[in-house]
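Chains G and R, in that order, are what the protein sequence lines are. For the first sequence, counting from 1, position 129 maps to 150 in this note's numbering; every step adds exactly one. For the second sequence, counting from 1, position 45 maps to 112 in this note's numbering; every step adds exactly one.
If you are wondering where the hints come from, they were derived from the structure by calculation, not from laboratory data. Nothing here was measured: the structure is a model prediction, and the numbers come from that model. All residues carry an ideal CB built from backbone N, CA and C; glycine is no exception. Treat the hints with caution; some may be incorrect.
Facing chain R, from chain G, some residues (calculated, C-beta under 8 Å) [to be verified]: (1) N65; (2) I74; (3) Q172; (4) Q174; (5) Q178; (6) E182.
With a straight-line Cα cutoff of 30 Å, these simulated DSBU-like cross-link-like pairs (lysine-lysine) come out [to be verified]: (7) K141/R <-> K154/R; (8) K212/G <-> K173/G; (9) K195/G <-> K173/G; (10) K342/R <-> K78/G; (11) K369/R <-> K78/G; (12) K78/G <-> K141/R; (13) K78/G <-> K91/R; (14) K479/R <-> K78/G; (15) K302/R <-> K78/G.
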Amino acid sequence: MDTVEVLQVDRKEAMLQPEALQLRTEGRDEQQERRLSESEDGNNPFSFTPQIIRLHKDHELFEDGDIHRHMYLQDLYISEAEDKPALSVSEFACHISGCSAVFSALEEYEHHYNALHRHVCCSCRRSLPSARLLDIHIQEWHDSLFTILAQKQDMYQCLVEGCGQTFRTNKHRKDHLIRIHKYPPDFRFDKTKKERGRETKRKEQKDAAMEVVDDVCESEGVCEVMCNSPSDEPEGGESMETHECEEKASAEDVLAAAQDTESTAPRKPQYSYRIPNTVCFGHGSVRGFRGRRGRRK
Amino acid sequence: MWRLNKVRHKAGQQGGNLDELRLKRRENERALRQARRDRQLVSKRLLLNEDEEQPDVSMDTAPGGHDIVSLLHKLQHSGTEKEAHLKALSKVLRDPSAQLTFIKHENSMHLLVGLLTGSNAQCRLQAVRCLHELSHSSHTNVAPACLPATPYLLTYLSGPSTKFTELCLYTLGNMCPDSDVVREKLLAQGIIPALASCIENQRHTLAVVEAAAFTLSQLLQARDAPEKIIPIVLKSTLPSHLLSVLTPDPQFGLAPAIECAWCLHYLICSTDDNKELLAQGALSQCSSLLVSLGGAVTEGNKEDGIELLIWPLLRCVGNILSSCPEEDLNAQLTDAHLPASLCALVQAYLHTLPALARETVWVLNNLTAHSTEFCSALLTLNLVPGLIQLLPFSQGINTMILRILANIAHKKKEFCVQLMQLGLLSALCATLKMADQEMVIQSLDILFMMTVSSPVVAEEFVRQDGLSLLEVLQYNGAAEMRQRSTYLLEKHLLSYQQHITVDNMPDP
């Protein structure tokens, strides 16, 4: 019989920490048999088994009831509770590594997630407020084909949905947005790449390369993605160094390329708390190249 | 009802003093909680005189040592006035300092015992009242001083006078918690058989039953009870008597049943093996009673203090289930309404007594852990949606609910599909976002069981955008979350992802 004697624990929520139990193996049910084979898989981290929980007399769970009982014995009982004990509701928390936001309502969580984490660019990890703006961003910043085409055609779309106009340069579009659509001159989602600053860009490129080294063993298509990343405006030798590989570069080439630039970053553990650039979350944030070529992890 | 009505009445009268009363109660509650944490939770009961409304310590004349001494002197030397002096003495002994003076005085107890066992019935009554006042003292050295009286008190338990017997019982009950020495002596003097025959013979005098069960409960809560007291009690006829008085009498009220239920709770939770109690029908009786109480509560007949009875019954059922082999469960638990009643109790007390609701879901877990029948019952009786709606509530409630749902999912593939149809997957999509780590891990556990049970479930989860939730968890700080979400994604949900990729991918 799978029973467990529960000892006193401080936190009410953590009151049930079952010790390891054996799986029942007599089940004729297919479910149980399949689960048995799952558990024999050494990597299976799931360990739930139903348990009867015994609680001893002094268990923390019994505190309120005992107090009620003794208040009654001491003639302090009152039938209608005057101050109703507060019923607690679980909070929500953003589980994205590095984000420590906590919310009291699910709607708040969803709002936070949609605003900050849903439409995230794989390459530069910028967060865009909508799928459309993300599309445009990827196209304009990370698509080398776009850069080439833009030299000859009006490629820059108006950001306002339904407008449909296109422009030869970023600046033309910006003027249009300000004049026609009354946008502010410093609209956040229309920054040009030059405004990012060379320092940050370089750092991000290096980081990206280092991330690739570690991740290349785990997922397919990563190397191709990074290498296919358009060199942003070429700046001297930096971009050449980090994006040296060709489209079909192998893992070793990437490794060599990264090592050429500077000392290799220490190999990150498989479950690094820092999310690699190449992994994107959110329905709809898988865009462009990665979706075409790579498979999601 | 033991003084419940009186307290409420009093509170109603003293309108202005309601705040004072509230403050006092809150302070007392705080003291009780601290005492429980120190394992020193002890209560005594004071049986008032018929003419008293409430225990009044402030007296007309300020009592003092002087009074005690003079009263004792009078008692020793007066002839016909003994009863009056004893009455006066009992009033004086309400005061704590007077109690201490009394026991320090040489021969005082000897005198009292003499009057207790004398030929004058009225004097005996007043003498026992004096002892009762002494027993109520909060000083732990008062009770041992009363030991000379206990053999007589025990003998009188089989006497005919209800009031007298009650006083004897409550006196003994008050003395029990105070010291090991007292309990040892009482056990040696045969308190257990005395209580057993008292309840048996006076089964129809519910006031006596209540008092005897109270006394027993005091014994059973002692620190050394599991080794020294409980084995003796289990061998006696007390358990069956307690069970026979468990159903409350509609006229007399809940009080005797309340005391018996708490005794049973202390008995059951102190031993690992409750086969004897099971054989005597403890599980079936407690659960039937819970069902009828649950019904009453649902209908709105919330009698005052009904939760004082529900509480120990829940604990009895919850703990005794661990001694009941699964094969015997259906034979023992004849009332199929138990799951529904338990769910009704949760809803009824969720906002007023969340701790009671929490214990109720604990019982539901124990009921469903190894029983396919009860898991099936939760589904067929449509109790699951109500449980799912409880998932927002923390402090042990939602984690236990997830356990119950996991118990169900664990039993059969078909149950997983049914759970999905009842909306569990979308509920899990919310619980996976909770801050409470245990909720997330348990949600992952259930999700695993459900997705491996059937492709239908896995597809539905993917359709509800569940994959993004799991991806986020892959990089969480806690290893248990990372391992589970990664395993789930890689081994089971990857294939479903490809369906989505093919269908939904926009052309670049």
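So, going through the hints one by one against the coordinates:
1. Residue-level restraint check for N65/G holds (minimum Cβ-Cβ distance to chain R is 7 Å; threshold 8 Å).
2. Among the interface hints, the one on I74/G holds; its C-beta lies about 6 Å from the nearest C-beta in chain R, closer than the 8 Å criterion.
3. Annotation: Q172/G was flagged as interfacial toward chain R, and the flag is violated, the nearest CB pair being 21 Å apart, outside 8 Å.
4. Checking Q174/G against chain R: minimum C-beta separation of about 18 Å lies over 8 Å; hint violated.
5. The restraint placing Q178/G at the interface with chain R is violated, with a minimum CB-CB distance near 16 Å, outside the 8 Å limit.
6. For E182/G, the shortest C-beta to C-beta distance to chain R is roughly 16 Å, which exceeds 8 Å, and the interface hint is violated.
7. A distance of roughly 12 Å separates the Cα atoms of K141/R and K154/R; the hinted pair therefore holds under the 30 Å criterion.
8. A hinted pair counts as satisfied when its Cα atoms are at most 30 Å apart, and K212/G with K173/G qualifies at roughly 22 Å.
9. The hinted pair formed by K195/G and K173/G meets the criterion: a straight-line CA distance of about 19 Å does not exceed 30 Å.
10. For the hint linking K342/R to K78/G, the alpha-carbon distance of about 19 Å falls within 30 Å, and the restraint holds.
11. This hinted pair checks out: K369/R and K78/G have alpha carbons roughly 27 Å apart, not beyond 30 Å.
12. A hinted pair counts as satisfied when its Cα atoms are at most 30 Å apart, and K78/G with K141/R does not qualify at roughly 48 Å.
13. Taking the CA atoms of K78/G and K91/R, the gap is near 27 Å; set against the 30 Å cutoff, the hint holds.
14. For the hint pairing K479/R with K78/G, the CA-to-CA distance comes to about 34 Å; that exceeds 30 Å, so the pair is violated.
15. A hinted pair counts as satisfied when its Cα atoms are at most 30 Å apart, and K302/R with K78/G qualifies at roughly 21 Å.
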